[in-house]
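There are 2 protein chains.
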Amino acid sequence: MTTKPLVLGVLGGMGPAATLAYLARVQALTPAERDQDHIRVIADINPQAPDRNVPGSGAGEVLAEMAGALAGAGAQVLAMPCNTAHAHAGLIQRASGLPLIDMIGLGAAAAAGTGARRAGVLGTKGAIRLYREYLAARAMGLVVLPAEAQEAFMATIYKIKAGDTGEEVRAEMRAHAEALRAEGAEVLVAGCTEVPLVMGPRDTRLELVDPGELLARKSVAVCLGWEAKPAIS
Amino acid sequence: MTTKPLVLGVLGGMGPAATLAYLARVQALTPAERDQDHIRVIADINPQAPDRNVPGSGAGEVLAEMAGALAGAGAQVLAMPCNTAHAHAGLIQRASGLPLIDMIGLGAAAAAGTGARRAGVLGTKGAIRLYREYLAARAMGLVVLPAEAQEAFMATIYKIKAGDTGEEVRAEMRAHAEALRAEGAEVLVAGCTEVPLVMGPRDTRLELVDPGELLARKSVAVCLGWEAKPAIS
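If you read the protein sequences in the order shown, they are chains A and B. The first sequence begins at 1 in this note's numbering and counts up by one. The second sequence begins at 1001 in this note's numbering and counts up by one.
Bear in mind the hints are in silico, worked out from the structure with no lab data behind them. Here the structure is a predicted model, which means the values were calculated and not measured. Hints may contain errors.
[As the list claims (entries may be wrong)] Residues of chain A placed beyond 10 Å of chain B at every Cβ, according to the derived structure:
id	residue
1	Pro47
2	Gly141
3	Met154
4	Ala228
[As the list claims (entries may be wrong)] Think about it this way: if two alpha-carbon atoms lie no more than 25 Å apart in a straight line, the pair counts; the simulated DMTMM-like pairs of lysine to aspartate or glutamate are:
id	chain 1	residue 1	chain 2	residue 2
5	B	Lys1159	A	Glu33
6	A	Lys125	A	Asp164
7	B	Lys1004	A	Glu227
8	B	Lys1004	A	Asp51
9	B	Lys1004	B	Glu1213
10	B	Lys1125	A	Glu33
11	A	Lys125	B	Asp1037
12	A	Lys159	B	Glu1061
13	B	Lys1159	B	Asp1203
14	A	Lys4	B	Glu1167
15	A	Lys4	B	Asp1037
16	A	Lys4	B	Asp1051
Even glycine gets a Cβ: it sits at the ideal position worked out from N, Cα and C.
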């Protein structure tokens, strides 16, 4: 390959462990014999970004500022390993003038690609809102947890964010997945980047779509020129 | 704690896997119950930085530019998980106006703190030059590999950079450490950030000083205000 890889800008920290898991995947997916074969990544791992799950927290403005600074530092395409924060995708792209690789779109397309008609999404209310729209555009139904179970799911997420990835938390996540299956889900979307930190494909009877993994694959493909850089949407 | 943590700027990518190991350590060492308790880190993971082991490669200028951009993006103190690149510490600090936490100084101080008189350093020729100076300032002797073994050590490092952290490579690293012990080393300094990717304290009969781990600890302490921000040196 003779063209220089694109510089990847990462809006990270939401949460910080999920960002490192994403960065590790990008490295693992890059064919490299030496340091110089890897993609240059400028990552703003900003865990002080306001909570994406609190309305009116001002997360959008902070993300827009971060995106602008990444563009200034040399980033040429952006990725954000946080499903919920994609509610601010438009603002991020306008503020930076850079395209943001669409993690929600990747997750919805993969769910549709399985042939399932109803996708269960484990995610925050904000992420579920995004997936509802994207899945509807593909004529797919959305299965979510009943209100009480959704609250229990968020409690599990906050345990992971506190650093707990032990067996108890893993069992909780398996139960949340099983509840979606019982509600009629035919495929499972890990719609929160903390989910795959405690759950793999073998932990659920449903096919597992991991948008974080898809985002890493797409990031590598775009930066190395295997796929076209997306347009600003 | 009421003061806002300092924003950590990271000059990374040398190599990329070592940078992620450093970032993971920073996270693990930060007391955090939620995302917002973590330190904000702006990391330029730039594996395209010219090879630090090739004289005249222009690595210093690239690192100075990266440091300036990190300052512009909001970094308040810098860390660089690459021993060899510390040859450019002065340029980096002048270009950015920010202090760089001195990894070589941390490694040399820890080696001296063990009470040993002769430190064996596993590192590139450039890193060894830096440690020689720092250890001499503490009246400590330096033990290095014989020329041929040093070349074999570099071959091991390049294997790790190519992604090979298997048992064969680990055995090679243990042999390099043992060679330093045979030459009279009383303490072992992992003077290249790739070394700890394949060697832990139990893999050598010598006490192991890991400057990358010390850099992560110091980074957390400085950013959280437990220790004063270092002066530009």
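>> Which constraints among the numbered hints does this structure fail? Numbers only, ascending.
In response: Structure breaks hints 1, 7, 12, 14 and 15.
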